[in-house]
Amino acid sequence: GQQLNQSPQSMFIQEGEDVSMNCTSSSIFNTWLWYKQDPGEGPVLLIALYKAGELTSNGRLTAQFGITRKDSFLNISASIPSDVGIYFCAGQRLGAQKLVFGQGTRLTINP
Amino acid sequence: GAVVSQHPSRVICKSGTSVKIECRSLDFQATTMFWYRQFPKQSLMLMATSNEGSKATYEQGVEKDKFLINHASLTLSTLTVTSAHPEDSSFYICSAKTAGQTDFYGYTFGSGTRLTVV
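From first to last, the protein sequence lines are chains A and B. So for the first sequence, the working numbering puts the first residue at 1; every next one is plus one. So for the second sequence, the working numbering puts the first residue at 1; every next one is plus one.
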């Protein structure tokens, strides 16, 4: 099935560094979502974006819904060890129930 | 908040047998359930969408006779992998929502089931 283009695929950073990842699509999405998945667990929603241009924060996390509706980014500031995991973007088209997921960004933090 | 309970968390079965995975919404009515499959180091791929009381809608390439989905009540959906083979080994995850729900903070995922077919 179609996926969103998520980058980077993996990141290796030092604790305390900021992180940025993004998702792009060739088509428009009405809603953009960012999830975190820990090993052996289901995804947990971090941030939901409902309007083009929307900028939303959740603690150290900030995400934006691109103006074109074809992209979104997630920033994590001052990373800590518990930020380790896989981050997925997901989009939902207008009138659709299902979500389309990006390929994921695997975040590794060196202490 | 909304909680979705998925069982079992891990299952090992012999090739040729069938395995049933349950997904329950604990504190809300799950009018729609989604079943995903995730291979190691890959993304979630939607297998099917099921609305309570209706037949599931399968994504292209997913065999409906192999992956049987039952959503007979507003709190329970099951995925049965029939005649399992080693290539069916994967991480299966359910997700649930209530009719008319547009807030994704209530669009909850289960904790997943690791299926290993030997």
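In short, the hints are calculated from the structure, not lab data. Quick reminder that beta carbons are idealized off the backbone N, C-alpha and C, glycines included. Among the clues, some could well be false.
[Unchecked claim] Here are the simulated distance ranges between beta carbons:
1) A:S27 - B:K41: 37 to 43 Å
2) B:A72 - A:T62: 24 to 30 Å
3) A:L94 - B:G53: 21 to 27 Å
4) B:S5 - A:Q9: 29 to 35 Å
[Said to hold, decoys possible] Below 16 Å or equal to it, Euclidean Cα-Cα: the simulated EDC-like pairs (lysine to aspartate or glutamate) are:
5) B:K55 - B:D65
6) B:K14 - B:D88
7) B:K20 - B:D88
8) A:K98 - B:E59
9) B:K41 - A:D71
10) B:K41 - A:E41
11) B:K14 - B:E59
12) B:K66 - B:E87
13) A:K51 - A:D71
What are the numbers of the hints that this structure violates, sorted from low to high?
-> Structure breaks hints 1, 2, 9, 11.
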